[in-house]
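Asks: Protein chains in written order, with this note's numbering: chain A, 1 to 114; chain B, 1 to 112.
Hints are supplied without guarantee of correctness; some may be wrong.
Only some residues are given here: those of chain B computed to face chain A with a beta carbon under 10 Å [what the hints assert, rightly or not]:
#1 M27
#2 Y31
#3 Y35
#4 Q37
#5 Y48
#6 A52
#7 N65
#8 V88
#9 A92
#10 S96
#11 N99
#12 F103
#13 E105
#14 W108
Hints were generated in silico from the structure; no laboratory data involved. Just so you know, even glycine gets a beta-carbon here, dropped at the ideal spot from N, CA and C.
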Amino acid sequence: AQSVTQLGSHVSVSEGALVLLRCNYSSSVPPYLFWYVQYPNQGLQLLLKYTTGATLVKGINGFEAEFKKSETSFHLTKPSAHMSDAAEYFCAVSRMDSSYKLIFGSGTRLLVRP
Amino acid sequence: NAGVTQTPKFQVLKTGQSMTLQCAQDMNHEYMSWYRQDPGMGLRLIHYSVGAGITDQGEVPNGYNVSRSTTEDFPLRLLSAAPSQTSVYFCASIQSSGNTIYFGEGSWLTVV
Chain A
1 AQSVTQLGSH
11 VSVSEGALVL
21 LRCNYSSSVP
31 PYLFWYVQYP
41 NQGLQLLLKY
51 TTGATLVKGI
61 NGFEAEFKKS
71 ETSFHLTKPS
81 AHMSDAAEYF
91 CAVSRMDSSY
101 KLIFGSGTRL
111 LVRP
Chain B
1 NAGVTQTPKF
11 QVLKTGQSMT
21 LQCAQDMNHE
31 YMSWYRQDPG
41 MGLRLIHYSV
51 GAGITDQGEV
61 PNGYNVSRST
71 TEDFPLRLLS
81 AAPSQTSVYF
91 CASIQSSGNT
101 IYFGEGSWLT
111 VV
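Construct the entire structure; sequences and hints are all you get.
Replies: Pasting the structure below:
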């Protein structure tokens, strides 16, 4: 069975500091991996995804993530946090089979201090 | 969220009432899903469908029914609403390659 673990339900950084949101997954088959962002009272917005190919994936708003198969990780980073990055972030994994079911982590709320 | 339309966006129900959350997509995708989002739990899969006439249960199916009579539509029915079903619901439509997923804008449901 697949699962996703996001370490830290809340992460607080200062404006301009590095953002690191952790995601580990388990999957018996090669996964697709996703990061979504959700602003208050809004829907989900795709930040980036890994399907195949290059393991370092660049997304929108300056975010990137690296797929590390040996560590079963897909951590999200951004070199310099902006106040506008304050939101909730979800990591998700899906199976490359006929179901394409997405399994989500429990989410990490990013707080950005001025 | 182009292509996936969810209605209504907000709804308040009384315990025991029934209602249907509508989801429609115009991308001819075979795969569609319903998720619910609760604080601290991420999104959990309720039901999914791999094509017209084919549905299956996800992680939290109890209290919900679905049907898929057409490729475009995948309604979610609450037969007898309970306060535990207060949540935000998201419909998703998935491209056949599986690597692109389109979400609706969400439906905020409160059961009192």
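Asks: Hint by hint, say whether it matches the structure.
Replies: Hint by hint, here is what the structure shows:
1. Violation of the interface hint for B/M27 is found here, the shortest Cβ-Cβ separation to chain A being roughly 14 Å, above the 10 Å cut-off.
2. For B/Y31, the interface hint holds, since its Cβ comes within 10 Å of a Cβ in chain A; the closest pair sits about 5 Å apart.
3. The interface hint given for B/Y35 holds, since its Cβ lies 8 Å from the closest Cβ of chain A, which is under the 10 Å cut-off.
4. Checking B/Q37 against chain A by beta carbon gives a least distance of about 8 Å; that is within 10 Å, so the hint holds.
5. Hint status for B/Y48: holds, given a least beta-carbon distance of 6 Å to chain A, under 10 Å.
6. With a least beta-carbon distance of about 15 Å to chain A, the hint placing B/A52 at the interface is violated under the 10 Å criterion.
7. Because the smallest distance between the Cβ of B/N65 and any Cβ of chain A comes to about 19 Å, over 10 Å, the interface hint for this residue is violated.
8. Given the 10 Å rule on beta carbons, the hint for B/V88 holds: about 9 Å separates it from the nearest Cβ of chain A.
9. Checking B/A92 against chain A: minimum C-beta separation of about 7 Å stays under 10 Å; hint holds.
10. For B/S96, the shortest C-beta to C-beta distance to chain A is roughly 9 Å, which falls under 10 Å, so the interface hint holds.
11. Proximity of B/N99 to chain A holds as hinted, the smallest CB-CB distance being about 4 Å (cut-off 10 Å).
12. For B/F103, the suggested interface contact is upheld, since its CB lies about 5 Å from the closest CB of chain A, less than 10 Å.
13. With its C-beta approaching chain A no nearer than about 4 Å, B/E105 sits inside the 10 Å limit, and its interface hint holds.
14. Interface hint status for B/W108: upheld, as the beta-carbon distance to the closest one in chain A is roughly 8 Å, under 10 Å.
Checked against the numbered hints given earlier, the structure breaks hints 1, 6 and 7 and satisfies all the rest.
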